[in-house]
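Trainee: Chain by chain, the residues run as shown.
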Amino acid sequence: MTQGRYENHEVIMQTVDLRGVCCPTNFVKAKLAIEMADIGDVIEFYLDEGEPVQSVSRSLKNEGHKLLDLRQADGHYVLRVEVG
Amino acid sequence: MFSEEQIERYSRHIILKEVGGKGQKRLLNGKVLIIGAGALGSPAALYLAAAGVGVIGIADLDVVELSNLQRQIIHHSIDLGTPKVDSAKRKMEAVNPDVRVVTHQTWVGAENILEIIRDYDFVIDGTDNFAAKFLINDACVMAGIPYSHAGVLHFIGQTITVLPNQSPCYRCVFPEPPPPNSIPTCSQAGVLGVLPGVIGTIQATEAIKYLLGVGDLLTGRLLVYDAEGMDFHISPIARKRDCPVCGDNPVITDLRDEPEAMNVCDLG
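Going line by line, the protein sequences match chains Y and U.
Positions 1151 to 1234 (the working numbering) are the ones given, in order, by the first sequence.
Positions 2 to 269 (the working numbering) are the ones given, in order, by the second sequence.
I should point out that these hints are in silico values taken from the structure, not numbers from a laboratory.
You may find that some hints are simply not true.
[Stated by the list, open to error] A short, non-exhaustive set of chain Y residues, derived as facing chain U with CB atoms under 8 Å: (1) T1175; (2) F1177; (3) V1178; (4) K1181; (5) L1182; (6) E1185; (7) E1213.
[Stated by the list, open to error] Derived pair list, reagent style EDC-like, types lysine to aspartate or glutamate, alpha-carbon separation capped at 16 Å: (8) U:K18 with Y:E1213; (9) U:K26 with Y:E1185; (10) U:K26 with U:E5; (11) U:K32 with U:D99; (12) U:K23 with Y:D1188; (13) U:K23 with Y:D1198; (14) U:K241 with U:E177.
Glycine included, each C-beta is placed from N, C-alpha and C at the ideal position.
Produce the complete structure using the sequences and hints provided.
Mentor: Following this line, the structure appears as structure tokens:
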């Protein structure tokens, strides 16, 4: 996925820090943030490694959102999601 | 926005694709009236409170009696002699302080029912007698308020959801109360305590689905549950053009009490 792909959309970048938030509350908070956004918006989530990054990513994908990229940062992961 | 506590409290709802934060908001903005704080009303009231239905009305004139406790699970031994609506309100608020419980400690009759039901989005009939069941049907049809009918006796329970003037009403199925001598007297009327728990919970399910706008309501279908044979049976029901209340030429246009149909004791 290139930067250009989502420059076509009207992107409102939002960052939601879910580090230290347990499953499934992290997914609940991710979902609430997404509900406030519009289709095509891109939201960045900070997630702890292990179960949080795995299950939140999978759950958001199952809900029909597009996972744009996942990268490892300093002791956590950054997941970028396009609201579907 | 939700508080941190609400996010935790309703997390298992919000996770559901069909509910989400928006659905939970709809529940928190919803208003449901339960008529009868008895065996059907008990589970309905507790589940609606737990679900975060914002305003829950509960109407009942009676006080808690010892013979109620075998099935009316919202009332505890310590509540004997207390008005049922007050006993119920305490438990509902203990389950969830988010909800506002409005008590109507009154006999719901022809003269006051329209005034009581008009502020609510959905009504649950948890009453114990045919007079009240027909009155609730007629009032909800006239006021255009969706409601859930139910009745329980012995090992059998039945329930149907009515969307007035869209789906069949109770009188489309049963045009009038049964003749008085066919209604069980107090000594004949027993009920398996757990049975209304199942039926009242189905009624709460319907109220919640209605508020959410999710799924298929139990409209046009009468569900009969036989706890003894452990069988759920659904009979399709059609609207009747000659229904006395929701038909083409309704003959019931005013509400009236039917006192001759009131002699089943305290089963609801």
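Trainee: Hints first: check each against the structure and report whether it holds.
Mentor: Verification of the supplied hints:
Because the closest C-beta pair between Y:T1175 and chain U is about 6 Å apart, less than 8 Å, the hint holds. Given the 8 Å rule on beta carbons, the hint for Y:F1177 holds: about 6 Å separates it from the nearest Cβ of chain U. Given the 8 Å rule on beta carbons, the hint for Y:V1178 holds: about 5 Å separates it from the nearest Cβ of chain U. Given the 8 Å rule on beta carbons, the hint for Y:K1181 holds: about 6 Å separates it from the nearest Cβ of chain U.
This hint holds: Y:L1182 has a C-beta 5 Å from the nearest C-beta of chain U, less than the 8 Å allowed. The beta carbon of Y:E1185 comes within 5 Å of a beta carbon in chain U, closer than 8 Å, and the hint placing it at the interface holds. A hinted interface residue such as Y:E1213 counts as satisfied when its beta carbon comes closer than 8 Å to some beta carbon of chain U; here the least separation is about 6 Å, so the hint holds. Among the hinted pairs, U:K18 with Y:E1213 is consistent with the structure: their alpha-carbon atoms are about 7 Å apart, no more than 16 Å.
Note on U:K26 and Y:E1185: the hinted pairing holds, with a Cα-Cα distance of about 12 Å set against a maximum of 16 Å. For the hint pairing U:K26 with U:E5, the CA-to-CA distance comes to about 14 Å; that is within 16 Å, so the pair holds. Note on U:K32 and U:D99: the hinted pairing holds, with a Cα-Cα distance of about 13 Å set against a maximum of 16 Å. Distance hint between U:K23 and Y:D1188 is fulfilled; the C-alpha atoms sit about 14 Å from each other, no more than 16 Å.
A distance of roughly 27 Å separates the Cα atoms of U:K23 and Y:D1198; the hinted pair therefore is violated under the 16 Å criterion. Between U:K241 and U:E177, the direct Cα distance comes to roughly 13 Å. Compliance with the 16 Å bound is thereby established for this hinted pair.
When held up to the earlier numbered hints, the structure conflicts with hint 13 and nothing else.
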